[in-house]
Structure formats: structure tokens, C-alpha cells
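Number of protein chains: 2
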Amino acid sequence: MAMSIVDAHTKSYNVKEVGSFHVGGRQVSLTGLSIKELQSAAVGPRTLDPNGEYEVEQMYVQYIKLAMTKARYPLLMWHGAGLTGVTWETKPDGNPGWQQYFLKAGYDVYVSDAVERGRSSWARYPEIFKSEPVFWTKKRAWEMFRIGPDGSYSSSKKKLAYEDTQFPLESFDQFCKQSVAYWYGNDEAINSAYYQLIQKVGPCVLVAHSQGVRFSVQAAVNAPKKIKGLILIEGGGGGSVDFVAMDLSKIKDIPVLIVYGDHWKESSWVKNHAGTEQLSSAMKEKGVKVDWLDLPAIEIKGNSHMLMMDRNSDQIAGLIQDWLKKKGMMK
Amino acid sequence: MAMSIVDAHTKSYNVKEVGSFHVGGRQVSLTGLSIKELQSAAVGPRTLDPNGEYEVEQMYVQYIKLAMTKARYPLLMWHGAGLTGVTWETKPDGNPGWQQYFLKAGYDVYVSDAVERGRSSWARYPEIFKSEPVFWTKKRAWEMFRIGPDGSYSSSKKKLAYEDTQFPLESFDQFCKQSVAYWYGNDEAINSAYYQLIQKVGPCVLVAHSQGVRFSVQAAVNAPKKIKGLILIEGGGGGSVDFVAMDLSKIKDIPVLIVYGDHWKESSWVKNHAGTEQLSSAMKEKGVKVDWLDLPAIEIKGNSHMLMMDRNSDQIAGLIQDWLKKKGMMK
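So the sequences go chain by chain: A and B.
Going by the numbering used here, 238 is the number at position 238 of the first sequence; the sequence numbering is gapless.
Going by the numbering used here, 340 is the number at position 9 of the second sequence; the sequence numbering is gapless.
Keep in mind that a hint or two might mislead.
Pulled from the structure, derived: some chain B residues nowhere near chain A, Cβ distances all over 12 Å [to be verified]: (1) Leu491; (2) Leu500; (3) Ala613; (4) Trp623; (5) Asn643.
Below, computed lysine-lysine pairings styled on DSS-like, alpha-carbon distance capped at 30 Å [as the list claims (entries may be wrong)]: (6) B/Lys401 - B/Lys342; (7) B/Lys656 - A/Lys65; (8) A/Lys226 - A/Lys250; (9) B/Lys347 - A/Lys327; (10) B/Lys559 - A/Lys16.
Hints listed in this document are in silico derivations from the structure and should not be mistaken for laboratory results.
C-beta atoms are modelled at their ideal positions from N, C-alpha and C, and glycine is treated no differently.
All chains, full assembly: derive it from the sequences and hints.
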């Protein structure tokens with residue numbers, strides 16, 4: 001299969017602006033909370049009165065705009081659960097990630113942190129966020145991200161990864177440093193912020209990973225005229241529950257590419273993959289043109305859930321770029 | 332006073348790489364915690380076992396490297412308490428901030444989020460972080476950042492800012508969306524991560540704001556050969572407590588610029604300013620060459636604590652750039 005490799009050789013690119021903003025969110029007011037005395041190592045005791053107003057549920061977005069784009073639309077990159085926009089930046093092994101790849105390919109690139117996470121900021125719980133945060137252990141990351149089979153993680157012995165894994169195993173600790181807490185109960189705020197992002201940016205292509213897939217399909221249904229392409233990578237979320245209620249006929253003019261890596265059959269991902277197949281069928285029924293980039297089926301083996309960090313991430317980006325070209329996304 | 336304005340007219344600049352990494356941190360292991368059942372709106376009940384390993388106390392750093400720098404050293408920008416590296420990015424009013432300014436002036440720029448904050452990620456408390464997080468109310472931000480005098484914040488009426496304020500008042504809510512939780516007890520981890528950042532980057536100039544000033548002076552004492560200039564903006568921390576114990580003779584070859592805005596005399600900042608004066612004197616006693624950019628003294632009035640977000644931020648950046656030129660930092 002052909003691969004767009006020319007871009008990887010670009011030595012530099014002309015940037016008009018590196019910028020950022022927060023979208024969405026609301027003001028909340030807390031009252032009746034007790035005033036606390038906290039100790040600061042640097043400056044001694046400090047009185048903390050938590051009562052008052054806060055801005056919450058906003059989303060951080062960073063963009064890099066090129067002086068001259070080659071693409072017709074910017075790419076918006078939406079990460080998965082337990083992570084932030086760092087997913088798309090330099091890979092844990094120190095090599096360039098997809099943010100770099102698609103800048104070099106001539107796209108303006110927008111990388112965001114979902115509400116609650118990273119630079120979007122989280123809010124007090126249980127007063128504002130209703131439940132407690134979820135932190136993933138390294139074991140959970142190892143298994144959920146399909147670096148090795150369930151039960152292969154060890155804290156004391158060598159971890160037994162899939163033999164053909166494309167994940168840079170020596171960088172697993174470095175990858176875990178990207179992990180952030182998230183909440184189960186903020187979907188509404190997250191969907192709202194993504195919707196506002198699209199309204200602000202205008203016509204764009206969404207590149208969504210894992211949990212982000214769910215939000216991106218919702219965003220496309222909410223703002224179908226603004227979305228020019230949907231790239232759904234390794235959709236998670238454990239089923240098609242969310243998609244049934246959506247009016248997928250609204251997105252029938254949006255080209256969709258579904259991307260999946262390897263070893264989902266041998267793990268609990270079989271359930272997520274089945275959910276993605278159901279989504280794919282439901283979209284096709286409504287007239288959506290859906291293509292699959294099923295990596296093992298084209299002899300690209302060993303990709304983990306974090307395929308944008310895998311050793312062959314440029315190869316996969318190249319295949320996505322080929323699809324984008326075919327769909328008329330370049331000028 | 333002369334001002335470097337040429338850079339602001341640059342339309343674009345050639346970028347070699349936008350990248351990021353995490354430095355520092357360590358693995359911790361949690362045991363004996365109870366397993367919880369949480370509700371996910373999207374996928375139903377989920378069992379959460381918090382026992383296991385985590386990476387904690389790492390720091391996120393994003394860099395933008397130019398194809399051709401005009402400066403001899405990169406700038407490292409360190410934010411203050413309750414905030415992240417977003418401090419240096421696009422201003423709350425949507426105009427370019429100092430990250431842009433100094434990229435256009437020809438520096439490689441590194442913007443980091445202190446340990447605990449933003450994309451650096453925070454860790455479970457009280458199991459890992461020992462105390463509880465600190466969230467600032469909008470009232471506290473309004474007063475602490477010297478947008479208006481103590482007592483002038485109102486949630487229902489017009490807030491009475493300093494009449495000559497340079498802060499874009501219409502963007503105050505937008506600014507508050509940048510606010511993040513922080514902790515009082517992690518100074519050691521923060522200092523360690525900053526030290527490792529400097530070891531990784533090599534010779535550099537530090538631009539530090541507020542709480543970041545304390546960390547930057549500590550970093551300079553810890554790695555004096557690597558620090559080629561120290562720009563200390565609006566030092567906070569309530570006194571010179573930390574500086575007494577430091578061997579400031581170690582930084583005697585590092586040029587230092589202290590920058591302060593307006594209205595500190597009329598607020599609780601009088602204490603922080605006094606601490607900065609003490610630091611300045613202590614440095615001078617050890618042979619450090621310290622310059623002051625005391626803005627009201629040169630008839631630049633109304634600057635808040637967040638002077639890199641004020642309307643005249645380019646003017647202040649220009650004065651800093653003049654100083655950097657004078658100190659031989661350009662090629």
C-alpha cells in the first residue's frame with residue numbers, strides 16, 4: 001500500500017502563529033464551606049477560604065497555524081481517557097508524533113485537552129465535580145493500551161509484551177508520565193466544550209482517539225456542516241450504547257475513516273472493537289461512507305492502542321494522509 | 332526609553348520542531364486501598380482498583396525550536412502559583428503573548444507546567460501528595476493579581492479595578508479559566524524537576540514569574556554554569572525566607588533583571604516587594620549584577636501582577652529584550 005513519506009523529509013515549516021485559548025465552561029459559586037488553615041513550606045501557615053466563584057468545565061486548545069497551508073481544513077486532534085493532548089506531540093521515545101507529521105504535511109493543527117484534564121483544569125469534588133477522579137495504574141495502562149496481554153504486567157520482573165509489539169517498550173515509564181486523572185461524570189461538559197471549539201474554528205477534520213471517538217461522533221452529529229472528515233482511531237467506550245440514540249443520518253456527507261491496530265482479539269478490546277463495528281454498520285445504514293484502515297489486515301502487525309506513539313506511527317500517519325488526499329482534503 | 336519593536340512586525344517564522352517531554356518524577360506504589368465501584372454515564376458501572384504503581388511528580392515541557400535562532404540561548408518560561416505555562420501563550424484578550432514575542436525575536440522557547448499542574452499531572456492525595464489542593468477563587472485572583480484593590484471584587488456588581496489598570500478587564504473571566512489547583516507541599520519535587528530540565532536543555536535564560544521566581548533562583552544556585560540570565564518578574568512568596576539559606580555567591584556571574592509592575596504599595600504585595608528588595612540586596616552583596624525594571628519609575632503605569640497579559644505586554648517584552656541584547660544574549 002502506498003504511503004505519503006515526502007512530508008517526513010521537510011526540515012522546517014513556516015509558522016504564522018502558535019496560540020491557545022480556553023473554550024466553554026461556566027461560573028459556579030460555592031458557599032457554606034469551612035475555612036481551612038494550610039501549611040506552606042515556603043511561607044508558613046495560610047488561611048484558605050474556598051467560598052466564592054470559580055470558572056469550571058472550560059477546555060484548553062493550542063493551535064499552530066502555518067504561514068501557508070497545503071490542506072483545505074485544519075486538523076483537530078482529540079485524545080482518549082486518562083490522557084491529554086500530549087498524546088499527539090513528541091512520542092515517549094523522543095521521536096516526532098502526529099502533531100509534527102501533519103504540520104509538515106501542511107495542515108493547521110489544533111490539539112486540545114478534554115475538560116477536567118491537563119491545561120483545561122479540574123474542579124473541586126464533590127462540590128463541583130460530583131464523583132471522584134479516576135487514576136490509572138501502570139498495570140492498567142499496560143493492559144488497556146494493549147502493550148502486553150492481560151496479566152503480563154509486572155512491577156518487579158520483566159513485563160511480557162506482545163512479541164511483535166510496535167510500542168517502544170523502553171519508553172513505557174515515560175509514556176505513563178503523560179497519564180492524568182479523569183472523571184466519569186462530565187460527558188455533558190466535554191461535549192459542550194468540543195461543540196464550542198468547532199463553532200470557533202469552523203470547517204475542520206477531526207482526528208479522534210479512543211474515548212475521543214465518542215465525543216467526535218457526537219460533535220459531528222451536533223455540527224455536521226462544520227465537519228469535513230472524521231478519523232476514528234481505536235474507538236473505546238465498551239459498546240455502541242451511545243451511538244444508538246444519535247441521528248447518524250446527519251453525518252451522511254462526512255467521510256469517515258476507522259483505524260484499528262492489532263491484538264484486540266486477544267484482549268478485553270474485543271468488546272470495544274465490536275462496538276466500533278456496530279457504529280460502522282449503523283453509519284453505513286444511514287448512508288455514511290465509511291472506510292476501514294484495519295492494520296493487521298494489510299500486514300501491519302503489532303500496533304498497540306497508542307498507535308500514534310508506536311515505532312511505525314509515521315507509516316500509519318502516511319496511510320491516513322493518503323486517505324485524506326483521496327477525499328479531497330488538500331488544496 | 333528605547334523599545335525593541337521590530338520583532339512584533341515579523342509575519343511568520345521558520346520552525347524546526349514543536350515538541351514536548353516530561354522530565355523528573357518517580358514511581359510510587361500504593362497498596363491496601365479499597366476497591367471501588369464507580370458509575371460511568373457512558374458505559375455503566377466500573378470497578379476501580381487504585382492499588383499499584385504510578386508515575387508521579389514529573390514535569391511537562393513544550394518547546395518550539397526555530398530553524399535559525401538569533402539568540403545565543405533558549406528562553407525557559409516558568410509560571411507562577413495557581414497557573415500553568417498557558418501564562419506565556421496567547422493572552423486572555425486573544426492577542427499574542429510572550430511565547431510568540433520571543434519566538435519572533437529569534438529565541439527557542441521552552442514553556443513548562445510546574446509539577447502537579449496542567450499537563451504535568453497531579454497525584455492522589457492524601458496517599459501521594461500529603462495535603463489537599465488549593466483552588467483560587469476569582470476574588471482571590473482579582474486581588475492577588477492586583478487587578479483591583481482588596482475589597483473591590485464583586486460577583487454581582489461592577490468590579491472596581493485600579494483606574495489606570497493595563498489588565499484587559501473584559502477578559503478577566505477568560506483569564507480565570509487558566510487557573511489550576513496547586514499544592515503547598517511539593518517544592519522539593521518542583522525544584523528537582525526544574526533542575527533536571529536545565530540539565531537536559533543546557534545553557535539557557537530563565538524568565539520566571541511570581542512563585543516561579545523562587546524556583547528559578549534555586550535552580551540558578553543549583554546549576555549556575557547553565558544559567559546565562561535570570562529575569563525575575565513580580566517575585567511572590569511573601570518574603571526572603573527562602574533566599575537566606577541559599578549560597579547566592581554561586582550566581583555572581585549571572586546577570587539578573589528584576590521586573591515589577593504597579594500598585595504593589597497599595598496592596599498586600601508590599602510584603603512580596605520587600606522580599607524581592609531583600610533578595611536584590613542579598614544578591615548584590617554577593618557580587619551579582621542586578622538591574623531593576625521598575626515600571627512605574629519609568630512612567631509605565633497601571634501594570635498588574637500578570638503584566639505579560641496586560642495591554643502593554645509587548646512594550647514590557649521590548650524592554651526585557653533591550654536588556655537581553657545589552658547583556659550579549661543575541662548572536
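Checked hints:
1. Leu491: Label holds. Min Cβ-Cβ 16 Å, cutoff 12 Å.
2. Leu500: For B/Leu500, whose nearest Cβ neighbour in chain A is about 15 Å away, the distance exceeds 12 Å, so it holds.
3. Ala613: Non-interface label stands for B/Ala613: nearest chain A Cβ at 17 Å, farther than 12 Å.
4. Trp623: holds, 23 Å
5. Asn643: Since the minimum Cβ distance to chain A is about 19 Å, B/Asn643 lies beyond 12 Å and the statement holds.
6. B/Lys401 - B/Lys342: Distance ~16 Å between B/Lys401 and B/Lys342 Cα, so the pair holds.
7. B/Lys656 - A/Lys65: Roughly 29 Å separates the two Cα atoms, so the pair holds.
8. A/Lys226 - A/Lys250: OK: A/Lys226 and A/Lys250 at ~12 Å, within 30 Å.
9. B/Lys347 - A/Lys327: holds, 29 Å
10. B/Lys559 - A/Lys16: With a Cα-Cα distance of about 29 Å, the restraint between B/Lys559 and A/Lys16 holds, given a limit of 30 Å.
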